[in-house]
Structure formats: C-alpha cells, structure tokens
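Student: Residue numbers (the numbering used here), protein chains in the order written: chain Z, 1 to 127; chain Y, 1001 to 1739.
Check before you lean on any hint, since a few could be wrong.
As the list claims (entries may be wrong) - So these bits of chain Z aren't anywhere near chain Y, every CB distance computed over 12 Å:
(1) Thr4
(2) Asp40
(3) Pro78
(4) Pro109
(5) Ala111
(6) Leu112
Unchecked claim - Looking from chain Z toward chain Y, a few residues come up when the C-beta cut is under 10 Å (computed):
(7) Gln13
(8) Ser25
(9) Arg91
(10) Glu92
(11) Glu104
Unchecked claim - Using 25 Å as the maximum straight-line C-alpha spacing, the simulated DMTMM-like pairs for lysine to aspartate or glutamate come out as follows:
(12) Y:Lys1373 - Y:Glu1399
(13) Z:Lys93 - Y:Glu1630
(14) Y:Lys1595 - Z:Glu92
(15) Y:Lys1574 - Z:Asp60
(16) Y:Lys1511 - Z:Asp90
(17) Y:Lys1186 - Y:Glu1105
(18) Y:Lys1373 - Y:Glu1409
(19) Y:Lys1511 - Z:Asp108
(20) Z:Lys24 - Y:Glu1546
(21) Y:Lys1186 - Y:Glu1041
(22) Y:Lys1656 - Y:Glu1564
(23) Y:Lys1468 - Y:Glu1444
(24) Y:Lys1511 - Z:Glu104
(25) Y:Lys1595 - Z:Asp34
(26) Y:Lys1574 - Y:Glu1681
(27) Y:Lys1642 - Z:Asp108
(28) Z:Lys93 - Y:Asp1588
(29) Y:Lys1168 - Y:Glu1024
(30) Z:Lys93 - Y:Glu1521
(31) Z:Lys93 - Y:Glu1105
(32) Y:Lys1710 - Y:Glu1564
Hints are computed from structural coordinates only; laboratory data are not their basis.
Yeah, the Cβ is synthetic: ideal placement off N, Cα and C, and Gly gets one too.
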Amino acid sequence: MTPTLLVIEDNEQNLYLMRYLLEKSGFSVVAAPDGQRGIDLASRVRPDLILLDIQLPLMDGYAVAAAIRRDPALAATPIIAVTSYAMPGDREKCLEAGATDYMEKPIDPSALVERVRRHLGIAEAQG
Amino acid sequence: VPGDAVMGEPVTDGASLKYRLDLEEVITEILTGFIGRSAEEVDPEIERALGDIARFTGTDRAYIFLFREGQTLMDCTHEWCSPGVEPRAPALQALTVAEYPNVVEGILRGRAVHMPDVSAYPSPAGPEKDEVLARGVRSILLVPMICGGAVLGFLGLDSLRDPAPWEKEVIGLVRRAGEAFANSLKRKRRDEEQWVAYKRLLSVIEFFPDPTFIIDREKRVIAWNQAIEAMTGVRRAEIVGQGDYAYAVPFFGERRPILVDLLDLSTAELEATYKYVTRAGANVYAESFIPALNGGRGAHLWGVAAPLFDEAGNRWGAIECIRDVTDRIRMEKELRTLNAELEERVQERTKALEREFVERRLAEESLRLSEQKYRELVQSANSIILKLDTAGRVTFINEFAQGFFGYGEEEILGRSVVGTIVPEVETGGRDLGRFIEDLGRHPERYARNENENVKKGGERVWISWTNKPIFGPAGELAGVLCVGNDITELILLERQLVRAKEAAESADRLKSAFLATMSHELRTPLNAIIGFTGILLQGLPGPLNEEQQKQMGMVRHSARRLLELITDVLDISKIEAGRLEVARAPFDLRQSVLKAVQTVRPAAEGKGLYLRADVRPGVGTTTGDARRVEQVLLNLLNNAVKFTQAGGITLEADRKGDRVVIAVRDTGIGVRSEELQKIFEPFYQCDGGLTRKHEGTGLGLSISRKLAQKMGGSVTAESRSGEGSTFTLVLPAPAGGEG
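Please model the entire structure based on the sequences and the hints provided.
Tutor: Dropping the structure here:
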C-alpha cells in the first residue's frame, strides 16, 4: 500500500515542490496550508508520516506538533519538522514539542526523500 | 627552840645509845614516809607514823590536835590507840583552846610540854585536868607542830601506865616528827586550797561563752569548757590530762603546735614565721580559716592565747580562747563589697556630673555657635527652605526661596502655600490642595516628595522636597520644615531619557523581528529555487539536454552562494548586535570533525588535492554548540580547499590539557604577514577589489573567529605568502566533559 504523507506548509510553491517530489517518489500526499487544518486532517487521515513547517501563520509548528501528539492515534506517527530559522536551539525545541526529526530549509530534494524513507522503514532501492 | 615547859619531874637524859639509834631510825622512817606522798595519802601515813611512835615510846595513845579559827579552837584530827585503849578523838572536837591553858600556853610558845605524872597537875586544874584524867592518862608528852614559824597544833603521846620520865632525846626526836607532820599537813592544806581554786577556775571558764582551754606547764590539758566541746565535738573527759599537742587534733587533724604554743617565741620570730599572728604584750592573737570545722564547711577562727602565772610570778600554764568569726568575716566582706560599690557609684556619679557639666558648657557654646551658623546657613543656603504651620501657612521662607519664587517675605508670610507657590492642581491632574492639607496634618508620611510648584510669574517648576515635622514645647505637632531642590531640568531629562529608552527598545525589537523575518523570508523563495533546480537536475519531470543540464547547474550554484551570503550576513548582523547565542550541550567533537572533513572531501578531490585528517584519541565528547563548531571547521576547510591549487590539506586534532586544538594546514597561496590580522575583518579578502578571483562573502573568517571567541576559544592564523597557511581553532574542552 502506498504510504500517505501529510505536508503542512503555507508557502504555495514550496508545497507544490514537496508534493511533486514526494508523489514522484511514490508516496500519496495530503496537504494543509495552516496548523489547525493540518491537525484536523491528521486525525481524519491518520497519515504514515507528517512533514511540518515550523513557520506557519496563526499557530506555529511547535504548537501543531504538540497538538498532534495529544491524539493517542497519532502518538507514534513520525513528524519531520522543517524550518528556516536555523537558530541555536531550534532543533531541541522541535524535538521537545514532539517532532521525530528536524530538517533545515532549503531542503535538498534527494536528502528529503531519503529521510522520509528511513522513517518509514522503506529500502532506498524500492524507489 | 625555846626551853621545854616541864611540869613535875625533870626530864631524864640517861637513855642508852641503842635506844637513841632506834629512835633515830623510826623518825627517819617517818620523815621519808612523807616524801612524794600525795594529799590523799597524807592522813593514813600520819596515822601509821603515830602508831610507830607510840609503839617505840611504849605509850598507849598518839594523837594530833590542830588549831583553827586563829588558834581559838582545836580538833583532834588524828589518833592511834594501842589495843584495848578507848579512842577519844570523836569527843575531842572543837575544843576551846582557852580552857587548856596549862597545855596550850607552852605549845603556843613552841615548847614541848611533858607531865610525867598527871596527878601532879598544877593548879588551877579545871576542865583541862578533868579531861586528861578522864582519859585515864597517867603521863603526857605534847610537842608543838611548827611549820614556817607558825604553830599549827601539837603532837601528843599518852601513857596510861605508871608515870615515866620523858627522856630529852625522845622529846627532841618527837618534836622533829611533829615538824614533819606539820609540813605534810600544811602541804595537804595548801593542795586542798589549790584544788578549790582550780574548781573555781573551772567554773569561771565554763561560764565563758567562747571556746576556751587551759594547759599546764607540761602542756597537758587541764581545762576544756563546754563551748569548746560544742565547737570541736571533743568531750572534756576525753582530753583533760592529755599532753603532746592533743588539743591541736580537733582543729588540724594532727598533733602540732598551735597559737597557745607560740607564747614563748620572740616578737620578731613570730612576725617572721606567722603572717597572721600578732602579739600584744604577753598575749598572741591570730585569725585563720580552719577547714575541718563546721561539719567540713570550715570556719574562720579568731584566737587569743595568754600565759598564766602564779602569785610568785612563776609560769604554770597557758590559756587559749577562740571565737568563730565566720559570720562576722562574711558580713565584713559583704560590707566591704557594698562600700566599694557605693564608692564606685559615688565616683561614677561624680565623674558623670563633671562630664555633664563640661558637656553642657561645651554644648551651650556650640549651640550658640551653631545657631548663629544655622541662621546664616538657612538664610543663604542654595536650597529652598520653608516652614509651614499645620494649616499649610508659610511661617518662614529663606532668602534663596524668596529669590527663587519671586515673593518677598512680607508678601507670603502668613499666607497658605496653596495659591502662592503651590498650584491648586498639578499639570498631571493631582489635587495639591488636598495634598498640602494632608502634609500639614501628617508630615511624617511625607519625608520625601516631589511635586509641581509655581513661581510668582506663573512659571511651573518641579521641586524635590524633604519634610520634617516640627514639634512645640509640649511635644505637639507645630508645623513642617520643608527643604526643596529644583529638579525641573532633571524631570525633563528623565522624560527624554524614558522616551529615548522606549525608542531604543522598540528599535531593538524591530531589529530582532527583522532578523527573524529576513531569515525566513529570504530562505523561503530560495528553498523553492534550490528545490526545483534539484528536481530538474534529477530529471524527475523529464530528461534535460546537456546545455539545460549545465545552465541548471549554474542556477543551483548561484542559489547556494546566495544562501551562504544570506546566512553569513545574518550571522554577522547578529554578532554585531550582540545577539548571537551559542548552545551549551554535550556533543561528540570527533564526529563533528569527521563530518566536516567528509563534507569538503568531494570539493578537494575534485581539485586533485589530498585531504588527511588525524584525530587523536583525546578528542571525544565535549560540551558546546555542535552546529557552530561544524560551521567554523567547514569554513576553515573550505578556505583551505579554495586557496590551494596543488598539494593538499591536513587536519590535526588533539587535546592539550583542558583544550582541544584543531589545526588545518594547507599548501596553498598563503597570506602575507601584513595581511594576517586583516583577514579576520568582515568583508576583507586578499586580492581585494573588483578584480578578485575567489568567490566568497569575505565574512567567513570574521564569523569563525567571533563564534570561537563566543564559545570561549580562538581562531588564529600562521602563514607565509606562497608557502601555505595553518589556521588553528582552539576550543575549551574540560577533561570531565569527555565521555
């Protein structure tokens, strides 16, 4: 079965980039443009992995990660935080909020796909 | 010896020599029998001796009469009768001497009286003869008993047989026996008198309330009164007669000389030996503490000892009298202490009074001076000085305040401050009328205050006031003393400062927000550019031709350079603003070094350069900011690759004490010595200007050095132009931080 990924990203072009890259890499992608819709979608769809932008309007990524972790059904779902802050302590803050992993923007397409596969336990050769 | 009175026949003197010798022997025995006899032994001895004499002389009765009451009466005190002869002594008591004139007259004159035949008793005979005849006496010999020239009585011998003449020798020797008896009796009587005197002495001593004892010449205790029994617990019967310092034992627990034994010492000897003993005449005095007394609590004793003499002035003993003065000494001590305290208090008070007197005089003088100074000071001080009454009316205003506010004394004294120098309402809206009302009533609540004031011309000023209550003579609140300083300028400055500070803070917040926004906003489009370039180059949307591939590669390269530039500019801005923060967390420095080396390896190999890394075992886990350490290492390694055309790069990492030293050595173009310091300045690049051939922001080394310093380390450079460079990163790595 094709793994379903949830991408929470407010920038249209970046979202397009992610969706294109991940769908081309064989994943099914659902997307939300802000935190609240991302949380709702996550509980409804129960994705296999979540890519979460930290710099979101209204509700930031830390709060979104924490809210997702409060849903018992999503307690073990891998969350990869993606941030362009690149400030000291960002990584720790993301992991504290409940993220499983952390990547800095700009992302390298092949590195992203490789990271997603690793968290899903899929061998690279499959792609 | 006067001639003997002889009645009747003359005395014969034809006695044989043998008889005389025997008589002599008897008398000697009689005399020696009295030697060493005590008073109690005298009477039996006399009676025995009377028997010896009677037997020797062949008489039937031997007896002694003693005179008394001035020789007016006499008693038969001793008598010996031969067997069968009736004793007469009980009947011969208290005889009137005058009734026996024939007998006694001679005796009293010291003569022996002998009557060989009583029947020839001279006339007038009277009761004397009747008495003698009644005894059946035929012949009598009476000899006087003389002692010290006094006739004490007489010794008599009665013969109941035929009258016999008394031989001269017998009479003489009987006289001698009489004298011996007289001596003994006299001594006995004296002893008896002494015993009575001793008894009297004892009764007197018993009466003494003070413990007292008497010793004789041999230092035997002869008297020990009730008081000393009570003090020592030693009974009289236990100690009387004891010698060898027995009296010292109850006091000192041993036999030793005490006060009474010091009587014979010379004054000089006494004073030299005994500190507490004094002499006054024959007496010695002492005072000492005896621990054994009072049931072990001890007692202070005062004692006096005196020698005792008889009427002839011979020393026969000594007396010591003791008094327990413990209470007295205690009281004296208390009294002395009290006296001393009292004295001290008096002295203190005297001193205090003197001091007070001096102080008061000084105080009066200084008060006078200070009042004068105070007036001058208050009037001319460069401070506003006012006095208000409790209703807020001005009662005093100094010259400075008059000048400051523009009011003359006559214009303002007696008027309320409100409406003159205090506006009804402060610019800020505070009701100063009510404030002044409260100040007048409770000045203690407003030790300091700041409020707006107004000058006569209407100019508003700010004054900082110090307020003190003033009290009247009965302690009642009388008003307020107010001292003020013009702080108008200060208030204005403060307001400007607050505004400036608010502006600065706001600018700072804006700057922070700007940095964060820039970081995000610049990266987001770059993310898309780099991402899509990557996708295109990967051929995901479809294959690219060679030219498209080359051009997309250039886009990606430029985009990455732009990202580096943005990152460096943001870093340097943060550093300049002092906003750069470094993390402090444990990380594996070895991994960081190897990761950085791996990152630049493709670039080095692409240029045909070797890249060697030698990380010694001492380099391991430490504490710091892993990302920033990696950033610095990457910068140094990238520079090395960038400026080296041939040869290669060697990285050596080793622990030196509590620091880790990482040296990056290259075989590149090197740096000229005059440029070595400049390369750490922002935006500096060798071969500067528009013609430079190396890409880069020129910020890398500057950022690296600042980051290293921020982490407590350093970045230094050594180089010779054309011979390569060594850049050294030193980081603190406490030995304990290693895992």
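Student: The structure should be examined with respect to each hint, and the outcome stated for every one.
Tutor: Outcome of the hint check:
no.	hint	verdict
1	Thr4	holds (20 Å)
2	Asp40	holds (24 Å)
3	Pro78	holds (21 Å)
4	Pro109	violated (4 Å)
5	Ala111	violated (9 Å)
6	Leu112	violated (9 Å)
7	Gln13	holds (4 Å)
8	Ser25	holds (8 Å)
9	Arg91	holds (8 Å)
10	Glu92	holds (8 Å)
11	Glu104	holds (9 Å)
12	Y:Lys1373 - Y:Glu1399	holds (15 Å)
13	Z:Lys93 - Y:Glu1630	holds (20 Å)
14	Y:Lys1595 - Z:Glu92	holds (20 Å)
15	Y:Lys1574 - Z:Asp60	holds (23 Å)
16	Y:Lys1511 - Z:Asp90	holds (20 Å)
17	Y:Lys1186 - Y:Glu1105	holds (22 Å)
18	Y:Lys1373 - Y:Glu1409	holds (21 Å)
19	Y:Lys1511 - Z:Asp108	violated (30 Å)
20	Z:Lys24 - Y:Glu1546	holds (23 Å)
21	Y:Lys1186 - Y:Glu1041	holds (14 Å)
22	Y:Lys1656 - Y:Glu1564	violated (33 Å)
23	Y:Lys1468 - Y:Glu1444	holds (7 Å)
24	Y:Lys1511 - Z:Glu104	holds (23 Å)
25	Y:Lys1595 - Z:Asp34	violated (35 Å)
26	Y:Lys1574 - Y:Glu1681	holds (16 Å)
27	Y:Lys1642 - Z:Asp108	holds (23 Å)
28	Z:Lys93 - Y:Asp1588	holds (20 Å)
29	Y:Lys1168 - Y:Glu1024	holds (13 Å)
30	Z:Lys93 - Y:Glu1521	holds (21 Å)
31	Z:Lys93 - Y:Glu1105	violated (161 Å)
32	Y:Lys1710 - Y:Glu1564	holds (21 Å)
Violated hints, listed in ascending order, are 4, 5, 6, 19, 22, 25, 31; each of the other numbered hints is respected by the structure.
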